[in-house]
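**Student:** Please build the complex by placing chain X on the supplied structure of chain Z, with the hints as guidance.
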Amino acid sequence: MTEEIIIAGFGGQGVLSMGKILAYSGVMQNKEVSWMPSYGPEMRGGTANVTVIISDERISSPILHEYDTAIILNQQSMDKFEHTVKPGGLLIFDPNGIVRMPERKDINIYSIEAAEMAGKLGLSKVFNMIVLGGFLKLKPIVEMEYIHKGLEKSLPARHHVMIPENEKAIETGKGLITPVLVLN
Amino acid sequence: MKELRLMKGNEAFAEACIRAGADGYFGYPITPQSEVMEYLMAQKTHERTGMVTLQAESEIAAINMVYGGAGCGKRVLTSSSSPGISLKQEGISYIAGAELPCLILNVVRGGPGLGTIQPSQSDYFQSTKGGGHGDYKLIVLAPASVQEMADFAGLGFELAFKYRNPVLILSDGAIGQMMEKVMLDVQKPRFTMEEIRKNTPWATIGKTPDREHNIITSLDLESIKMEQHNHELQKKYRAIEENEVRYEKISCEDAEYAFVAYGTSARICQKAIEIARSEGIKVGLLRPITLFPFPKKVIKEMTSKVKGILCVEMSAGQMIEDVQLAVEGRVPVEHFGRYGGIVHSPSEIVEALKKQIIGG
Chain Z
1 MTEEIIIAGF GGQGVLSMGK ILAYSGVMQN KEVSWMPSYG PEMRGGTANV
51 TVIISDERIS SPILHEYDTA IILNQQSMDK FEHTVKPGGL LIFDPNGIVR
101 MPERKDINIY SIEAAEMAGK LGLSKVFNMI VLGGFLKLKP IVEMEYIHKG
151 LEKSLPARHH VMIPENEKAI ETGKGLITPV LVLN
Chain X
1 MKELRLMKGN EAFAEACIRA GADGYFGYPI TPQSEVMEYL MAQKTHERTG
51 MVTLQAESEI AAINMVYGGA GCGKRVLTSS SSPGISLKQE GISYIAGAEL
101 PCLILNVVRG GPGLGTIQPS QSDYFQSTKG GGHGDYKLIV LAPASVQEMA
151 DFAGLGFELA FKYRNPVLIL SDGAIGQMME KVMLDVQKPR FTMEEIRKNT
201 PWATIGKTPD REHNIITSLD LESIKMEQHN HELQKKYRAI EENEVRYEKI
251 SCEDAEYAFV AYGTSARICQ KAIEIARSEG IKVGLLRPIT LFPFPKKVIK
301 EMTSKVKGIL CVEMSAGQMI EDVQLAVEGR VPVEHFGRYG GIVHSPSEIV
351 EALKKQIIGG
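Sequence order for the protein chains is Z and X.
For what it's worth, this note's numbering labels the leading residue of the first sequence as 1, then goes sequentially.
For what it's worth, this note's numbering labels the leading residue of the second sequence as 1, then goes sequentially.
Pulled out of the complex, with its shape left as it was, chain Z reads as follows (with noise of 0.2 Å):
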């Protein structure tokens, strides 16, 4: 199993730690991981997104020009990653402030309400962990018990206990994420 994921989004979004809560679960359930940020004058207002790689197998490049999976958090990400999926791939995106919707038809498409879930939770800050419930939802790549050590790896040990914050808006993007396209 190798997934290669990009994450896309603006700064603030919580795109960098959705990714490094992902790699570095992946690392509790002994899987090998690398997470590569956009670090350039996209992080300096803008843009932020971040390659994730979750595999049995080493890592070959941890840079990569075509992704298993593209998760999508606003219309510049869309236009910058759509044709980036690879065919038969997957791309998830939160319809707010997306203009452009999803032209592929070759790529298995969803759908997550994330951004207006979250407003009406007010839990804006799990944001990010909505839409990594939906990836997981479908893509269960690492298992929910390795998600609780990886937020506990991940978060400092003051923000510990907003873990079962963080996992019950995990559990909310499980139940949110609507098909668009499904590839037979």
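Because the hints were derived from the structure by calculation, they are not lab data.
One or more hints might be untrue.
[Said to hold, decoys possible] Here are the computed distance ranges between Cβ atoms for each label pair: (1) X:Glu38 to Z:Met162: 21 to 31 Å; (2) Z:Met162 to X:Lys354: 47 to 57 Å; (3) X:Asn199 to Z:Arg158: 42 to 52 Å; (4) X:Ile342 to Z:Ile98: 27 to 37 Å.
Glycine residues also receive a C-beta, built at the ideal position from the N, C-alpha and C atoms.
**Tutor:** Below, chain X alone, put in the same frame as chain Z:
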């Protein structure tokens, strides 16, 4: 106990330096390596092991602090990125001339000038052919993973003290910024004064009745003595070439073609190998781990098996000159590079192999 962590390359290097028993870090911030000093500061190294972490007023000050610390027999280091490393070159030349051990990390970004903050490999010439003035060599280690960023801290200090020579770790923005699993070594104690007195008799730690009067300098106005000093340096560099060559061969057993690449490029080449082999192209990778000493011999030996070599670098073609010298014209050697902060894609490397080597 050894410890498994998920860390950025820069952080893993910093943590490994603490664990290697470093006495002092002197640096000045610059992207994409600022996490090194940030991490050391956050760790309060002065409380943890007594290690000094100091933000100097400039890169030039930092390298001269390293010069001073190294002269006292301490394990000292600095880190920077390309433009900052250029500023340090005068000091590096002095340290090499005075034959002092130290560790220097360059997390390379695209140039020339201030360039870009994205990863690049355009400092190969600067690292392996001089950088500063005078006939000197650094031992140059090229990590290709976060694990090697950690491992080369300890190895770097070991080689630096073994040869009384600066060791440069030539990394890049990608390796510095990415997170991977890393197994960290156990904490080594810092040198005691007793050990420094015993193991580094050249160190300037104050003259006691039982010690020679030590002077550390790179200056000698008597040319005949300076020539002799240069002879000694060259002898040392030949010994390093003899003893310290390190490399990794990947998928080379049945290879008809070979990539030569180091650092991030070597990682991307491994993906390119997966793609090429799925198309039936038998290609392997020779990854130099030491850039000086360069693995000339093994590359020369490879020419009896492969039909052509593609050097893949995030530069306009620098390491290729060493590969060509090693190959001595036996097989075609071509360069494929992206630069200015752009990282090549695995598929374009495969395309380049087909076009420049297989079809060429």
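**Student:** Does the Cβ-Cβ separation between Glu38 of chain X and Met162 of chain Z fall within 21 to 31 Å?
**Tutor:** Given a distance of about 24 Å, which is inside 21 to 31 Å, the answer is holds.
**Student:** Could one say that the CB atoms of Ile342 of chain X and Ile98 of chain Z fall in the range 27 to 37 Å?
**Tutor:** At roughly 28 Å between Cβ atoms, Ile98 of chain Z and Ile342 of chain X fall inside 27 to 37 Å, so the hint holds.
**Student:** Can the suggested window of 42 to 52 Å be confirmed for the beta-carbon pair Asn199 of chain X and Arg158 of chain Z?
**Tutor:** holds (43 Å)
**Student:** Between Met162 of chain Z and Lys354 of chain X, does the C-beta distance stay in 47 to 57 Å?
**Tutor:** With Cβ atoms ~52 Å apart, the hint holds.
The structure meets every hint from the earlier list without exception.
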